[in-house]
Amino acid sequence: MNAKLIFLAIAASQVAADTCPTNCIENYAPVCGSNGQTYTNKCFLEIAACKDSTIKQVSEGACGSASSGSKGTTNQPGCPIPGCEEYLKPVCGSDGKDYDNECFLRMTKCKQPSLTLNFLCRHNTPNNYNFTPKRRQ
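The sequence shown lines up with residues -17 to -1, 1 to 120 when you count with mature numbering (1 follows the signal peptide of the UniProt record, and there is no 0).
I should point out that these hints are in silico values taken from the structure, not numbers from a laboratory. Careful, some of the hints might be misleading.
[As the list claims (entries may be wrong)] Capping the alpha-carbon separation at 27 Å, the derived lysine-lysine pairs in DSSO-like fashion look like this:
{"#": "1", "residue 1": "K34", "residue 2": "K94"}
{"#": "2", "residue 1": "K80", "residue 2": "K94"}
{"#": "3", "residue 1": "K25", "residue 2": "K39"}
[To be verified] Across the chosen pairs, the derived CB separations fall in these ranges:
{"#": "4", "residue 1": "E85", "residue 2": "C7", "range": "22 to 28 Å"}
{"#": "5", "residue 1": "C26", "residue 2": "S77", "range": "31 to 37 Å"}
{"#": "6", "residue 1": "T91", "residue 2": "V41", "range": "17 to 23 Å"}
{"#": "7", "residue 1": "P96", "residue 2": "S42", "range": "18 to 24 Å"}
{"#": "8", "residue 1": "T99", "residue 2": "S36", "range": "40 to 46 Å"}
{"#": "9", "residue 1": "S77", "residue 2": "C3", "range": "35 to 41 Å"}
{"#": "10", "residue 1": "C33", "residue 2": "L100", "range": "36 to 42 Å"}
{"#": "11", "residue 1": "P4", "residue 2": "S77", "range": "37 to 43 Å"}
{"#": "12", "residue 1": "V41", "residue 2": "P4", "range": "18 to 24 Å"}
{"#": "13", "residue 1": "C26", "residue 2": "T91", "range": "19 to 25 Å"}
{"#": "14", "residue 1": "N101", "residue 2": "N18", "range": "32 to 38 Å"}
Predicted model only: the values in this text are computed from it and were never measured. C-beta: ideal position from N, C-alpha, C; glycine also.
Let's have the full structure, built from the sequences with the hints guiding it.
Listed below in structure tokens is the structure:
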């Protein structure tokens, strides 16, 4: 009897996971989940919540940011940044990391004030993300 109940519970959760939405628009409007994970936007959180009913949205903004109601973002001018558009115009930060565009670098700078835009990145083709740092003049 108990084995049947366990099997039915597992089967029901698998069916629920199979009916969860899978497509979201890639706009960056972060939300913080109850599991401590930052989701790109509410749609991505809803997909995770569909697969795991314990996940709820706890706040707007990235987990640990000022807009999510917890510490992590400095009080620099222009912070927190409400969101960045998902387009590729790569830049390199002084931390040696590539950022999709300058907005994402500025968003990271809110948490790491010493971060600067030291390099402009170049790529050969849109399908080849082989970045070569180039010093700014």
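Now the hints, each set against the structure:
The suggested pairing of K34 with K94 is violated, with an alpha-carbon distance near 31 Å, which exceeds 27 Å. For the given pair, K80 sits about 15 Å from K94 by alpha-carbon distance, which is consistent with the 27 Å threshold. About 10 Å separates the Cα atoms of K25 and K39, which keeps this hinted pair within 27 Å; it holds. Look at E85 against C7: about 24 Å separates their beta carbons, and that is inside 22 to 28 Å.
About 33 Å separates the C-beta atoms of C26 and S77, a value consistent with the hinted range of 31 to 37 Å. Take T91 and V41: their Cβ atoms lie about 22 Å apart, and the range 17 to 23 Å holds. The hinted window of 18 to 24 Å between P96 and S42 holds, with their beta carbons roughly 23 Å apart. Between T99 and S36 the CB atoms are about 43 Å apart, so this pair conforms to the stated range of 40 to 46 Å.
At roughly 40 Å, the beta carbons of S77 and C3 sit within the given window of 35 to 41 Å. The given range of 36 to 42 Å is respected by C33 and L100, whose C-beta atoms sit roughly 38 Å from each other. One distance hint, 37 to 43 Å for the beta-carbon pair P4 and S77, holds here, with the actual separation near 39 Å. The supplied range of 18 to 24 Å is met by V41 and P4, whose beta-carbon atoms lie about 21 Å from each other.
A hinted range of 19 to 25 Å holds for the C-beta pair C26 and T91, which are about 23 Å apart. At about 35 Å, the CB distance of N101 to N18 agrees with the hint of 32 to 38 Å.
Violated hint for the displayed structure: number 1, the only one.
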